[in-house]
Amino acid sequence: MSRSITVTPSTLRTQSGTISKKVDYYEELYAKLISEVDELETQWKGKGNKKFAEQIHDFKPKFDKLAEVLNSYCLFLNKAANIYQETENNVFDNANRLGV
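Following our numbering, the numbering of the sequence shown begins with 1034 at its first residue and continues without gaps.
Treat the hints as calculated values from the structure; they're not laboratory data.
The calculated EDC-like cross-link candidates involving lysine to aspartate or glutamate, where the alpha carbons are at most 20 Å apart (straight line), are:
no.	residue 1	residue 2
1	K1054	E1101
2	K1065	E1087
3	K1083	E1069
4	K1065	D1097
5	K1054	D1097
6	K1084	E1074
Given the structure is predicted, the values throughout are model-derived calculations rather than measurements.
Starting from the given sequences, assemble the full structure and let the hints guide the process.
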């Protein structure tokens, strides 16, 4: 049984937007986590808190890299949608010129 994938410029753009919104949401959540960890430092003193806060803060470069990769993927999806739409338009225009 064969399978097919149906893709349209619209679905590519929609998925790009969905991913972009989720990246924004996760960035907000991570910023809130950092803020809460920093606030916790005012109430919880000791080696345990220091290590906990350090690990949360040390994850930031990895998190930023993930956000960068996902945002790049969103750009890729939008470019693919534009190319797909342009190709479809060219095929349509060329088919109309056949005059059959």
